[in-house]
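J.: This is what each chain is made of:
Number of protein chains: 2
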Amino acid sequence: MKFIIQRELLMESIQHVMKAISARTAIPILTGLKIEVKNDGIKLTGSDSDISIESFIPKEENGIVNIDQMEPGSIVVQAKYFPEIVRKLPQKTVEIESDDLLKVTIRSGTAEFHLNGQDADEYPQLPHLQTENSFDLPTDLLKNLIKQTVFAVSTVETRPILTGVNIKIEDGFLYFIATDSHRLASRQIPLESNTQNLTFSNVVIPGKSLNELNKILEETEDPIEISVTENQVLFRTKHLYFLSRLLDGNYPETSRLIPEQSKTILYGQTKELLQSIDRASLLAKESRNNVVRLQTKPSNLVEISSNSPEIGQVVEEVTAKSIEGEELKISFSAKYMMDALKAIENEQVKIEFTGAMRPFIIRPVDNDQILQLILPVRTY
Amino acid sequence: MKFIIQRELLMESIQHVMKAISARTAIPILTGLKIEVKNDGIKLTGSDSDISIESFIPKEENGIVNIDQMEPGSIVVQAKYFPEIVRKLPQKTVEIESDDLLKVTIRSGTAEFHLNGQDADEYPQLPHLQTENSFDLPTDLLKNLIKQTVFAVSTVETRPILTGVNIKIEDGFLYFIATDSHRLASRQIPLESNTQNLTFSNVVIPGKSLNELNKILEETEDPIEISVTENQVLFRTKHLYFLSRLLDGNYPETSRLIPEQSKTILYGQTKELLQSIDRASLLAKESRNNVVRLQTKPSNLVEISSNSPEIGQVVEEVTAKSIEGEELKISFSAKYMMDALKAIENEQVKIEFTGAMRPFIIRPVDNDQILQLILPVRTY
Chain A
6 MKFIIQRELL MESIQHVMKA ISARTAIPIL TGLKIEVKND GIKLTGSDSD
56 ISIESFIPKE ENGIVNIDQM EPGSIVVQAK YFPEIVRKLP QKTVEIESDD
106 LLKVTIRSGT AEFHLNGQDA DEYPQLPHLQ TENSFDLPTD LLKNLIKQTV
156 FAVSTVETRP ILTGVNIKIE DGFLYFIATD SHRLASRQIP LESNTQNLTF
206 SNVVIPGKSL NELNKILEET EDPIEISVTE NQVLFRTKHL YFLSRLLDGN
256 YPETSRLIPE QSKTILYGQT KELLQSIDRA SLLAKESRNN VVRLQTKPSN
306 LVEISSNSPE IGQVVEEVTA KSIEGEELKI SFSAKYMMDA LKAIENEQVK
356 IEFTGAMRPF IIRPVDNDQI LQLILPVRTY
Chain B
6 MKFIIQRELL MESIQHVMKA ISARTAIPIL TGLKIEVKND GIKLTGSDSD
56 ISIESFIPKE ENGIVNIDQM EPGSIVVQAK YFPEIVRKLP QKTVEIESDD
106 LLKVTIRSGT AEFHLNGQDA DEYPQLPHLQ TENSFDLPTD LLKNLIKQTV
156 FAVSTVETRP ILTGVNIKIE DGFLYFIATD SHRLASRQIP LESNTQNLTF
206 SNVVIPGKSL NELNKILEET EDPIEISVTE NQVLFRTKHL YFLSRLLDGN
256 YPETSRLIPE QSKTILYGQT KELLQSIDRA SLLAKESRNN VVRLQTKPSN
306 LVEISSNSPE IGQVVEEVTA KSIEGEELKI SFSAKYMMDA LKAIENEQVK
356 IEFTGAMRPF IIRPVDNDQI LQLILPVRTY
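Same order as they appear, the protein sequences are chains A and B.
If you read the first sequence in my numbering, its first letter stands for residue 6, the second for the next number, and so on.
If you read the second sequence in my numbering, its first letter stands for residue 6, the second for the next number, and so on.
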């Protein structure tokens, strides 16, 4: 195996597949990074058996030659050292070569590294998904779907299914739903008409997988293909192949949690509310599980406050755009409220309450695609 | 006590004094930050009893009014909450007030915080230094003296005196010296003629104090005054007062460690050598205590290499400007060599060796003020 490549190009691919590689894995060869030289380019692979990532660098692209002096073959290099070596090489190009004794030589300028490699035949084969459950999304839209929901997954393993994001397609709509049973985040979007006949419901992707995927994907409108099988999901762009296992179990039916009526509706500035709750939470962080209080006042005023007897109190009045319905005093987690407000893609927010002890809903004013739900905390 | 102040100005002062405040201290009131309103301005104080920092904000400066509605008095606020509160306030100005019950009120816009304060009379008085051992330096020069030496202090407490930097004035020269007994870093500068009669030798400032001081000081040519007493040192700029205890004990005499003759002299590019040793150290980091090897070759070539049987080898040839004297093979800590080369303020470096088992000296080519010394490692 041999090739000469632009160092920057190789580095970018390494960084992608490194997202899947963990130093703690039950299968020792998975601490390595697989390099394959094929006729049409180079493929790097990283995997921790939950997530597998392949990154492809084509030999030529848009008339530019990326890779030179290619001799087919494959090798597994130690992921602990290989990325740092490539990053610190002195020249813009790097030559990588492996021999029959699994020795890997890395050359750049007058620097020469010899690493002990591992046999690529011992590296697990990634499954090749066979499915017709595939659809496309613009990459930046997928990133938004992830960012607006994944923060609400559970971080404790008491109900493992809640550590994932539920993906559904029903009646031509795609849903992303996450809940830790104290709050819920969801986003729905209409799909292209050519995917109208696609339907699935109990697909649950680990939150960790979606966070890693989001780190790798660029903010671009280029399409990403999503394919779902019974126990895996594949995200595929032009040169990237991201495979994740799905979570076992039945995701709870969440639609009945969402109140259909409301008694108090508050319209306000998203950022102003967010910053005010951030300030009120400063004193609440330790003493009372980060709980702040919201109280409606005459003249469209909203009082945000928090009280920690040992430390002090904070109170602030925010002017709402309007307040409709009953007066309200309610307490909730400042962190949940801040997470929810950050997911609202709009300067104006609408909050619908159904009394101090019922879940309430946070939405952008002009958009029903995003819905954030929070259970209040009993303090009165 | 009361005042209204520009929030940015207060924030900057808070950040300075916070460098001295630790959550773990034997004296509970030192977890607080003292605020004093005086006739001419506001003074903030933070201390962990090893380091004390005072920052002064004048009422008026250069015709600009910084502080308004001042009512003299003092209070101690909780350093855990106060900085975050001030940082997140909604308006550009902040009003701070305390009452007889030690309640502190912080107002900005419609946000109002009430914090429980502590009695400023219970805060320890900082000593007022009486000394004639004072001299001035440009602030940026002091920062360089610190950066070029403090990394070489010992990080283990087996010989506590070595965790500090030794400051000496002899014959009109100021010396900064640090050693952990495996390497030594020193810098000397001539002092202004009006301090010619000043002499002291056994002043040892904790490395931690100098690191914190360096973080606060700006890169400016404005003077900083340094005053030394038997057990404390004071650094004073226009609005900052930084007091540190000194270390007890006798600092070892280091001048006899420095070889007076050399057998091999290598002249080279500082950055090229640094990067080459950085690369060679990548494989050495774990297996062999970060040791790399340097070997002179014909035609002014220097071979830098490292070998870790389980991981692999690296070898690189660097072209030296010139090599004088005997052939040489020597091994040393890559970390020590990289630290030393980073302290060389020059593109060209001169390294003087006295055989494979003797300490060697690293200096800028045209400057005897900076001297870095490293003990080699026995590997042959």
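Quick caveat, the hints were computed from the structure, so don't treat them as lab data.
Don't take every hint at face value.
No distinction is drawn between identical chains; accordingly, a pair holds when it is met within one copy or between any pair of copies.
Pairs of lysine-lysine, DSS-like flavour, derived with a Cα cap of 25 Å [to be verified]:
1. Lys276 <-> Lys93
2. Lys290 <-> Lys43
3. Lys302 <-> Lys173
4. Lys108 <-> Lys276
5. Lys85 <-> Lys302
6. Lys268 <-> Lys93
7. Lys173 <-> Lys43
8. Lys276 <-> Lys97
9. Lys152 <-> Lys43
10. Lys347 <-> Lys93
11. Lys340 <-> Lys7
J.: Can you tell me if Lys276 and Lys97 fall within 25 Å by alpha carbon in one copy, between copies, both or neither?
T.: between (45 Å within a copy, 17 Å between copies)
J.: Within a copy, between copies, both or neither: which one fits Lys152 and Lys43 at a CA-CA cutoff of 25 Å?
T.: neither (36 Å within a copy, 50 Å between copies)
J.: Treating 25 Å as the Cα threshold, decide for Lys268 and Lys93: within, between, both or neither.
T.: neither (62 Å within a copy, 32 Å between copies)
J.: For Lys276 vs Lys93, is the C-alpha pair at or below 25 Å within one copy, between two copies, both, or neither?
T.: For Lys276 and Lys93, the Cα distance is within 25 Å only across copies (13 Å; inside one copy 42 Å).
J.: Can you give me the call for Lys85 and Lys302, within, between, both or neither, at a CA distance of at most 25 Å?
T.: This pair counts as neither: shortest intra-copy Cα distance 59 Å, inter-copy 32 Å.
J.: If the cutoff is 25 Å on CA atoms, where do Lys290 and Lys43 land: within, between, both or neither? Let me know, please.
T.: neither (54 Å within a copy, 33 Å between copies)
J.: When no copy is named, should Lys302 and Lys173 be tagged within, between, both, or neither for a Cα gap of at most 25 Å?
T.: Neither. Shortest intra-copy (41 Å) and inter-copy (67 Å) distances fail the 25 Å Cα cut-off.
J.: Could you figure out if Lys347 and Lys93 sit no more than 25 Å apart (CA to CA) within one copy, between two copies, both or neither?
T.: The answer is between: 17 Å across copies meets 25 Å, while 38 Å in one copy does not.
J.: From the Cα coordinates, with 25 Å as the cut-off, is the pair Lys108 and Lys276 best called within, between, both, or neither?
T.: Answer is neither: 57 Å inside a copy and 30 Å across each miss the 25 Å cutoff.
J.: Is it within a copy, between copies, both, or neither that the alpha carbon of Lys173 lies no farther than 25 Å from that of Lys43?
T.: neither (37 Å within a copy, 65 Å between copies)
J.: With identical chains, the pair Lys340 and Lys7 could be close in the same copy or across copies; at 25 Å between alpha carbons, which is it: within, between, both, or neither?
T.: Classified as neither; 52 Å inside a copy, 33 Å across copies.
Checked against the numbered hints given earlier, the structure breaks hints 2, 3, 4, 5, 6, 7, 9, 11 and satisfies all the rest.
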